Amino acid sequence: MLNADNVSCLRGERRLITALSFTVQGGRLLAVTGENGSGKTSLLRMLCGLLPAEEGRILWQGEDIRACRERYLANLIYIGHLNSLKDDLSPVENVTISARLAGEEISEGKACEALEAIGLAPAIHRLPTRVLSQGQKRRVSLARLWLSHRSLWILDEPFAALDDSATGLLVRRLQSHLYNGGIVIAATHQEIEVGADRLDHLRLSG
Amino acid sequence: MSQPGMLAALREIIRRDILLALRRRSDVMTTVLFFIMVASLFPLGIGPEPAVLRTIAPGVLWVAALLSCLLSLGRLFTADYVDGVLEQMLLIPQPLSVLVIGKVTAHWLISGLPVVLLSPLLGLQFGLSGEALGVLTLSLLLGTPTLSFIGAIGAALTLGVRGSSLLIALLVLPLFIPVLIFGAGAVTSSASGIGAGAHLSLLGAGLLLALALAPWATATSLRIALE
Chain G
1 MLNADNVSCL RGERRLITAL SFTVQGGRLL AVTGENGSGK TSLLRMLCGL LPAEEGRILW
61 QGEDIRACRE RYLANLIYIG HLNSLKDDLS PVENVTISAR LAGEEISEGK ACEALEAIGL
121 APAIHRLPTR VLSQGQKRRV SLARLWLSHR SLWILDEPFA ALDDSATGLL VRRLQSHLYN
181 GGIVIAATHQ EIEVGADRLD HLRLSG
Chain F
1001 MSQPGMLAAL REIIRRDILL ALRRRSDVMT TVLFFIMVAS LFPLGIGPEP AVLRTIAPGV
1061 LWVAALLSCL LSLGRLFTAD YVDGVLEQML LIPQPLSVLV IGKVTAHWLI SGLPVVLLSP
1121 LLGLQFGLSG EALGVLTLSL LLGTPTLSFI GAIGAALTLG VRGSSLLIAL LVLPLFIPVL
1181 IFGAGAVTSS ASGIGAGAHL SLLGAGLLLA LALAPWATAT SLRIALE
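Chain order of the listed sequences is G and F. In terms of our numbering, the first sequence has 51 at position 51, counting the first letter as 1, and numbering is strictly consecutive. In terms of our numbering, the second sequence has 1182 at position 182, counting the first letter as 1, and numbering is strictly consecutive.
Hints may be right or wrong, so weigh each one.
Just a few of them, taken from the derived set where beta-carbon distance is under 7 angstroms, the chain G residues facing chain F [unchecked claim]:
| # | residue |
| --- | --- |
| 1 | MET1 |
| 2 | ALA74 |
| 3 | TYR78 |
| 4 | GLY80 |
| 5 | ASP88 |
| 6 | ILE97 |
| 7 | LEU101 |
| 8 | ILE106 |
| 9 | ALA121 |
| 10 | ILE124 |
A short list of chain G residues far from chain F (calculated; beta carbon distances all over 12 angstroms) [claimed, not checked]:
| # | residue |
| --- | --- |
| 11 | VAL24 |
| 12 | PRO52 |
| 13 | ALA67 |
| 14 | THR96 |
If you are wondering where the hints come from, they were derived from the structure by calculation, not from laboratory data. All values reported here derive from a predicted model rather than from experimental measurement. Even for Gly, the Cβ is constructed at its ideal location relative to N, Cα and C.
Okay, chain F solo, but in the shape it has when bound (with noise of 0.2 angstroms):
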């Protein structure tokens, strides 16, 4: 295998998946949306008393932002598996592993990177100081990537089941725990004035084993899966 050949498809693959997001806006919209609704709806629920807001900010928009990746990661795999582009993508000279970085980066570009930008915007609701909505944007910024890692290998898993939107739940909202309490701990910790390096040296940490482990681990269940 060479290496141009494998960036050459890394980069082809991302190109296409963006392409397809930018033809069918309404797919991104709706996790865009589902996100600021979620964390929008609390202050509205709670009332705005700031003390309140500030102690949830965290929690919230942590949940809201792992609860919208969720909702994207059902059409991962499962629109090239039905109509057999995922069967082609198993032909190609390069390692299926290097495919599957390519289509989780797309998927965090167009769902996980809005959330992080919007997500300062959202924490303004919430009363939150300048320093939180920073250490809330990076935490993001690291944790939304291993989200959609961890959730590969449940949109993997699930590939052709029914009903797989719920089993996908199911799988991978466990494994999404570490990653919320860093995330969310980091902005707890910063806005207490403890600091937020240990929780985001973590969420680092969990970054880079995503990225070591989660490739070869989908590989290998959409290889099951397509069998």
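Only chain G is shown next, with the shape it has when bound in the complex (with noise of 0.2 angstroms):
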């Protein structure tokens, strides 16, 4: 279980967020929206402990993520609105050399078949990243959550140039992570299909 508890957010002289309060259950997905510049990634940096809350608390099980930081994080995966790639190394080289530095053991084998669950041909996988197109770098990018047994997962725009295909492939992920009791924390502009009852929504104003 996810809390804010009356954070507030600070941009330059911008107060972003004021005093918001939200609980995100296990099984459950917030979808954050709001207009383009209204704070969902400033939120979704504050959860994830990359920016301080000017005032409140987020509270992971009950207690605050400062206290319990490696335990924390050892929970939580976070893609950013940026790829976290390296076009000198190939997809394949990305996904397992992210999860080694993340504390996960992997084998290659194990990637490719994360790359193939994301819909990435067998033959793009050793094509340095730098070659493929914006789309294709976003499904590299999202194939850790095949991976990871993690139970947090903050995503900054997921379907961000996804076609069709790659949003259908995510869209089941995350109904399937939900279904085992995890919790995702979604910044987007669309309507994600996980089923009502499983949804709850956050607009942020600005």
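With the hints as a guide, bring both chains together as one complex.
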């Protein structure tokens, strides 16, 4: 369970978020919506601990995330609006190295399976990432979701640059994660078809 | 935090940065060629007088090593910052300072170690004796990692700032001065027959101090840069 308790966020001179509170239980997806500049990315970065909250606290299983940083991060996957890929490495190398850095020992075979699960053909698994399209790069970035058993997924515009086929694969992966009791918090401009009984909305007005 | 987890992350970041350097060999070659060119220009410009060359050799070779280190510092965190990988590193359940040690170690292996290995060869151009060449190599072996650790603080402090290359130089060059003095001084002392023990000990102490403080300072600067 993740709680935001009266959190506020200041960016420069501008107060983006004021005294915001919400709770996300296991098995539920919180869709964060709002206009450009309304503070969606700032909120997600605050929830990850990348950006300190001006006021208030963020609690993971009832404990302040600053107090249980390592345990919290061991449960978290954050995929930001940047793909966090190295252009000079292949998709397989990007996936394996990022997983190993995060403390998850995975084989190249497993990485290939994850890339295929998000619809990337084996022929491009070993190409330099720089030659891939934006949509393919986004798929490589999202392949982490097929490799990890972490319970909290925080995703910033996960559907950006994806075609219908990849969107469908991602939605099914989100459904499976929610069904297994996981939590998803996603900033998005589109409806996520995971079922109304599992979906909550948070609209930011900026 | 588990020690095996920290060591695995350290090993992985070093392996990754070396792999990336091998894929972009031009970046590595630029640093090494710069060192060779700067060190080689002095004998060509000053002339073949052996006594003069032997006198200026320690300072010239050390300044060339220092400038080549400075040349590569701008790349230490910038690429990871631009593509979002640095943000992911902040979310790894290991202390950020461990990852900083890994990145600095890789930086030294890529840009500092070739300088150390080439220095005896370049020292021959200046007519340095065998003993002085040995001291030169040892002083660079102790001093160049210190330059990388100090430089990492400057690279982190100027991350995302326009004109960061110049700023890094302004920030770290004053901090490089003690390393330069003790490094060049070790070779000069050895060439004069005084012995380089004191200078090398101070370089070693500087490396230990940099290893203890620089990763923490760099990690703090990176967190601030990414807020």
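Comparing the hints with the structure gives:
no.: 1; hint: MET1; result: violated (19 angstroms)
no.: 2; hint: ALA74; result: holds (5 angstroms)
no.: 3; hint: TYR78; result: holds (6 angstroms)
no.: 4; hint: GLY80; result: holds (6 angstroms)
no.: 5; hint: ASP88; result: holds (4 angstroms)
no.: 6; hint: ILE97; result: holds (5 angstroms)
no.: 7; hint: LEU101; result: holds (5 angstroms)
no.: 8; hint: ILE106; result: violated (12 angstroms)
no.: 9; hint: ALA121; result: violated (23 angstroms)
no.: 10; hint: ILE124; result: violated (17 angstroms)
no.: 11; hint: VAL24; result: holds (18 angstroms)
no.: 12; hint: PRO52; result: violated (7 angstroms)
no.: 13; hint: ALA67; result: holds (14 angstroms)
no.: 14; hint: THR96; result: violated (9 angstroms)
Figure legend: structure checked against the earlier numbered hints; hints not met, in rising order: 1, 8, 9, 10, 12 and 14.
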